[in-house]
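Undergrad: Between the sequences and the hints, there should be enough to build the whole structure, so can you do that?
Chains as they are written, first to last, in the numbering used here: chain A, 82 to 362; chain B, 82 to 362.
These are calculated hints, taken from the structure and not from any lab test. Be aware that a few hints might be false.
Remember, identical chains collapse to one label, so a pair may be satisfied in a single copy or spanning two.
Taking lysine-lysine and the DSS-like style, the derived pairs with C-alpha atoms no more than 30 Å apart in a straight line are [what the hints assert, rightly or not]:
#: 1; residue 1: Lys355; residue 2: Lys335
#: 2; residue 1: Lys333; residue 2: Lys155
#: 3; residue 1: Lys139; residue 2: Lys103
#: 4; residue 1: Lys123; residue 2: Lys234
#: 5; residue 1: Lys340; residue 2: Lys155
#: 6; residue 1: Lys139; residue 2: Lys355
#: 7; residue 1: Lys340; residue 2: Lys317
#: 8; residue 1: Lys155; residue 2: Lys335
#: 9; residue 1: Lys314; residue 2: Lys340
#: 10; residue 1: Lys333; residue 2: Lys124
#: 11; residue 1: Lys340; residue 2: Lys280
#: 12; residue 1: Lys317; residue 2: Lys280
#: 13; residue 1: Lys101; residue 2: Lys355
#: 14; residue 1: Lys136; residue 2: Lys155
#: 15; residue 1: Lys83; residue 2: Lys355
For reference, the chains in residue letters:
2 protein chains.
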Amino acid sequence: MKISIIGVGLIGGSMALKLKAKGFASHIYGVDQNENHLHEAKKLGIIDEIASLEKAVKNSDLIIIAIPVDAAKKLLPEVLDLVTQQQTVMDAGSTKSGIVNSVTNHVNRNRFVAFHPMWGTENSGPQNALSESFSGRAAVICDREHSAQDALKTVENTAENLDMHLIYMSAEDHDIHTAYISHISHITSYALANTVLEKEREEDTIFQLASTGFSSTVRLAQSHPEMWVPIFKQNKENVLDVLNEHISQLRKFKSALEKENYDLLEDLIRNANKIRGILDK
Amino acid sequence: MKISIIGVGLIGGSMALKLKAKGFASHIYGVDQNENHLHEAKKLGIIDEIASLEKAVKNSDLIIIAIPVDAAKKLLPEVLDLVTQQQTVMDAGSTKSGIVNSVTNHVNRNRFVAFHPMWGTENSGPQNALSESFSGRAAVICDREHSAQDALKTVENTAENLDMHLIYMSAEDHDIHTAYISHISHITSYALANTVLEKEREEDTIFQLASTGFSSTVRLAQSHPEMWVPIFKQNKENVLDVLNEHISQLRKFKSALEKENYDLLEDLIRNANKIRGILDK
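TA: Below, the structure written as structure tokens:
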């Protein structure tokens, strides 16, 4: 299968590596606004050929859009303008309502499958791409009833070749769930980094004392705004709901401490401990 | 050197394994209120002998107290009552002002060295102890001027045998810094777990969608209240300061989103990204 990867960064690059390794991709066209990324991806064997958007789309069975969600929302209608009823287009974005709504009335809407692989790191760029990044993880397909059966099947095969297991839901539900289990983690982590940077002016002390727990909690704070501002923007209402809930949960800890109510503090912690059973499943 | 480990859990157990492996400990007495932990530690070769507090302290050159900080604060004066000017006592607690203040006027204060190895996980118990847990990490010694030179030397040798590098500071400074780079991470993580548990009643959805980012951020939420309530209690003022700052940082994200001020949102994220330079050092 000939595949276009639009956005040869961490996500697109990791997909390309795996789909090639599996023999699912016979030829990969790379499209990116970032020339350095394109040449790096070519050098690393992530893509076979650097191509224009038009050439890549024209010659591909499958077009994978793996760029920031604001750019993806803008680009998808243009890509759908170019495809025939024999081609399939999928994305890889962390928000789904925005992109599906951008093509609701497009004549080729049925060629698009809304896809979200549940994996990412605080790093970006093709140099961080790994063929096994997605193995064993979940991927979400949204609003499958709006995709043609054969397009859906192509994306399901792609997910299988990425060694991912699929979950189906509406774009709306997806955006609520990801606000809770992904987007809020990033805001928390950013705010924690800012808290520490604000007060701990002596950088050496942070560096020397920073324990494994701290590193784990602020790891996501290294994630780039180019990717995350558009996500927060597209999922604003859900993220605000969760952020309000999170602030109110933090206030409970504050109140328990201020009132020296250590029984309440213990209850709050015991409740949080229940996450262990869920993470371990 | 004969060593008593009081509290044969994750921290005490990991120290024992390493100090034996290095040949620094010739015989290890284990003392614990938890009979199961004692027998487990004996079975795992973490300790050589189960002993009463009195017998263990009497026969040891070095006594390591590795129990929750409230219990340690209570036990330390009793241990100092039992030691001679030839013995050394150290702790491993995450707060330092409480324990040093508990023995300010003790006749054997000079035999105590306040110690904090900057490592831990969300797990506990001797079954999770690993000999290499501390390797390459920082350890803090507080208020060294209140310890006898030979006691200080013994603890410095111990840290060296744990392959840790030492940082010296006052107990007061320690408690401010750890509020920022450890204690707040735990509160954030607990509150995040509670936020998700509150709203995501469908546990299967959390499990299936939970990405690596989420797991990383809530990892610490699995930490037990037996250890953490006493830490928050002893470091209440500092933790409240940081918690207030953290809530105010989260409010900035909230305000940027509510006002759709995406330039501010980007600035907040770019500032948080600076943590990369510090974590990478």
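Undergrad: None of the hints should be skipped; say for each whether it holds.
TA: Here is how each hint holds up against the structure:
1. Lys355 <-> Lys335: Both: 21 Å inside a chain and 27 Å across chains, each within 30 Å.
2. Lys333 <-> Lys155: between (42 Å within a copy, 28 Å between copies)
3. Lys139 <-> Lys103: Result: close within a single copy only, 23 Å intra versus 65 Å inter.
4. Lys123 <-> Lys234: within (29 Å within a copy, 57 Å between copies)
5. Lys340 <-> Lys155: Between copies only: 23 Å across chains, 51 Å inside a chain, cut-off 30 Å.
6. Lys139 <-> Lys355: neither (51 Å within a copy, 42 Å between copies)
7. Lys340 <-> Lys317: between (34 Å within a copy, 11 Å between copies)
8. Lys155 <-> Lys335: Classified as between: cross-chain Cα gap 26 Å, same-chain 43 Å, threshold 30 Å.
9. Lys314 <-> Lys340: For Lys314 and Lys340, only the inter-copy Cα distance (11 Å) is at most 30 Å; the intra-copy one is 37 Å.
10. Lys333 <-> Lys124: neither (52 Å within a copy, 42 Å between copies)
11. Lys340 <-> Lys280: Answer is both; intra-copy 25 Å and inter-copy 26 Å each pass.
12. Lys317 <-> Lys280: Answer is both; intra-copy 29 Å and inter-copy 17 Å each pass.
13. Lys101 <-> Lys355: Close neither inside one copy (40 Å) nor across copies (36 Å); limit 30 Å.
14. Lys136 <-> Lys155: Answer is within: at 19 Å inside a copy they meet the 30 Å cutoff, but 75 Å across does not.
15. Lys83 <-> Lys355: neither (46 Å within a copy, 40 Å between copies)
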